[in-house]
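Q: Heads up: the sequence lines are chains A and B, in that order. Each step along the first sequence adds one to the number in our numbering, with nothing skipped, and position 281 is 281. Each step along the second sequence adds one to the number in our numbering, with nothing skipped, and position 66 is 66.
No lab work stands behind these hints: they were computed from the structure. All of these numbers come straight from a predicted model, not from anything done at the bench. Beta carbons are placed, not taken as given, at the ideal position from N, Cα and C, and that holds for glycine. Be a bit skeptical, because a hint or two may be false.
Short derived list, chain A residues pointing at chain B, Cβ under 10 Å [to be verified]:
no. : residue
1   : GLU208
2   : ARG326
3   : ALA329
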Amino acid sequence: MARNVQPAGQPAPQNPASNGTAQAPAVVLSPEDIAGQENFDAIIAKDSRVEPKDWMPEAYRRSLVRQISQHAHSEIIGMQPEANWITRAPSLKRKSILMAKVQDEAGHGLYLYSAAETLGTTRDDMMDALVAGKARYSSIFNYPTVTWADMGAIGWMVDGAAICNQVPLCRASYGPYGRAMVRVCKEESFHQRQGFEILLELANGTPEQREMAQNAVNRWYAPSLMMFGPPDDNSPNSKQSMAWNIKRFSNDELRSRFVGMLAEQVKVLGLTLPDDEVRFNEDTKKWEHGPLDWAEFKEVLAGRGPCNAQRLERRRSAHEDGAWVREAAAAYAAKQAAKQSTNAQKAAA
Amino acid sequence: MTPDPHDVGALGDSSASATRITPGFALRPEDIALAAEQGTAKPSEDVAEYALRLGDDALILAQRLGHWISRAPELEEDVALGNIALDQLGHARSFLTYAGAAWGKSEDDLAYFRREGEFRSAHLFEQPNGDFAATIARQFIVANYQFPLYRELVKSSDPMLSAIAAKAVKEVDYHLDHSTQWVLRLAGGTDESRRRMEAGLNLMWPFVGELFEDDALTARIGDAGVVPSSLKEEFDRTTGAILAEAELDVPGHPMATGGGRRGNHSEHLGLVLAEMQVLAREFPGASW
Chain A
1 MARNVQPAGQ PAPQNPASNG TAQAPAVVLS PEDIAGQENF DAIIAKDSRV EPKDWMPEAY
61 RRSLVRQISQ HAHSEIIGMQ PEANWITRAP SLKRKSILMA KVQDEAGHGL YLYSAAETLG
121 TTRDDMMDAL VAGKARYSSI FNYPTVTWAD MGAIGWMVDG AAICNQVPLC RASYGPYGRA
181 MVRVCKEESF HQRQGFEILL ELANGTPEQR EMAQNAVNRW YAPSLMMFGP PDDNSPNSKQ
241 SMAWNIKRFS NDELRSRFVG MLAEQVKVLG LTLPDDEVRF NEDTKKWEHG PLDWAEFKEV
301 LAGRGPCNAQ RLERRRSAHE DGAWVREAAA AYAAKQAAKQ STNAQKAAA
Chain B
1 MTPDPHDVGA LGDSSASATR ITPGFALRPE DIALAAEQGT AKPSEDVAEY ALRLGDDALI
61 LAQRLGHWIS RAPELEEDVA LGNIALDQLG HARSFLTYAG AAWGKSEDDL AYFRREGEFR
121 SAHLFEQPNG DFAATIARQF IVANYQFPLY RELVKSSDPM LSAIAAKAVK EVDYHLDHST
181 QWVLRLAGGT DESRRRMEAG LNLMWPFVGE LFEDDALTAR IGDAGVVPSS LKEEFDRTTG
241 AILAEAELDV PGHPMATGGG RRGNHSEHLG LVLAEMQVLA REFPGASW
């Protein structure tokens, strides 16, 4: 059904609905759209859930598809830096935990693609956009994992930042996204614990292991803080996303909470954060940190990070090398279906 | 005293890692290690050697399968192959922990600090992944071998081997289904997938023979183990039935000379071990 198209002969409504069309070009809504918009506004006002069959503004739908598919892509690309260490994990227990973790990430990608599919876009389309380099994913996965300690730092910091971001998303106004997040967050908290445990073991190990751990914390600190996105005064999508009850807290608010968590936990590790400006501001009751290099963030986002090309190429080759397998499965399913319908016709005759 | 392996309370280690990955009360390698430490699980030399073979097969296969994670043809297969790798790694850890109890060695001592000639894996498990069809062919042979093996090993006179097999057989049942479904799909899918499936089977089939070879150890071990040759007839029957359904011929290649059980390996194992052991060997004695 075409949306936001004025049916012939209908007078334009005087007062187009407020919520969700603020940034859209002036359009004339059909009576169905006006009723839908009213219902949608009421759902948002009650802080209730929007479900796939509900009417929703096109901009809301587009914004969710963008956010959920980026999140799914991040899970899938995010498998690579850790998969890099599966075959070299230094103990069988660690190997086992790491395999389980990377496998969880594939599972998260699956739920998230499914959640995005409820908005009318297919997984194939999203995957094609990703391998064509047209879709974004979290910039942090464009950094290399050069030592085993990076498995610890990613779990503790990168997954820790993801949890800070995602726990409020469990209450996102779009039902399938919020529900997917509940499960994702449970698994992420296991991921964060295993990362912390890796670092703790290294920090209490030999001097070389300790140095490896500190070095990894130093390298992942700033990129993990930048995972929350640009500062609030420079975050184009945040305001609308908060008005729609998708996002609950601003980037800077979440970043501040995350810094507070790191500042406390790093003491237990006996390591340090590479930022001597981390402090709790008694006046604002917020954690503060030193300046971040947003020029670097933009460079990596623009595709000029250390591993952008490598990550995309790996995904593309896995996808292309697997095409014959997917075609075989589809051909087999079609043949089986044809066989069944022939059998059914014979039985009916 | 020999513990009752089904009495999980007797084996449980409540101090095991917060990141334990085995849910519920299933037997975990940590439980076996604890029993070994307390002197309640001590295999004979022969049982330990036998457990080492099964553990090495599963370990090398897990190492191979782990490489697929993030490279599979479909996300569902990243999950499925990852799951099979995890199961195999779990079995390996249990068998190696138990074997090590005979010699005062941990699972990691055995995995990371043995030389190539000390490994006991059969050549099939060492074969490179190849394309997806080659991996499926290897899985198809492995699952049709391991399923009856573990099912029979549940009856072992050695309670720990029995307990490990009881957990493993349930998981391998799923591996059997996974590989069967894919053999049927690839054989009955497109011309290309059928060609690749045939090529994969031709590549892996020469290594079937070694799996069913008896030797002095399997003769001595008696009721504690399973005589490999006793499983061959069932293997031929179960694989034959699926290949017939897929309208594929059983490859007629001569069997390769094995020797993995005596420490004579394929060209591939050295490279697998080089990658697997590099970090642990860089920091000998370190804890992770």
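Q: Decide, hint by hint, whether the structure agrees.
A: Evaluated hints:
1. Hint on GLU208(A) holds. Least Cβ distance to chain B is approximately 7 Å, under the 10 Å limit.
2. The restraint placing ARG326(A) at the interface with chain B holds, with a minimum CB-CB distance near 6 Å, inside the 10 Å limit.
3. The beta carbon of ALA329(A) is positioned within 10 Å of a beta carbon in chain B (closest approach about 5 Å), and the interface hint is therefore held.
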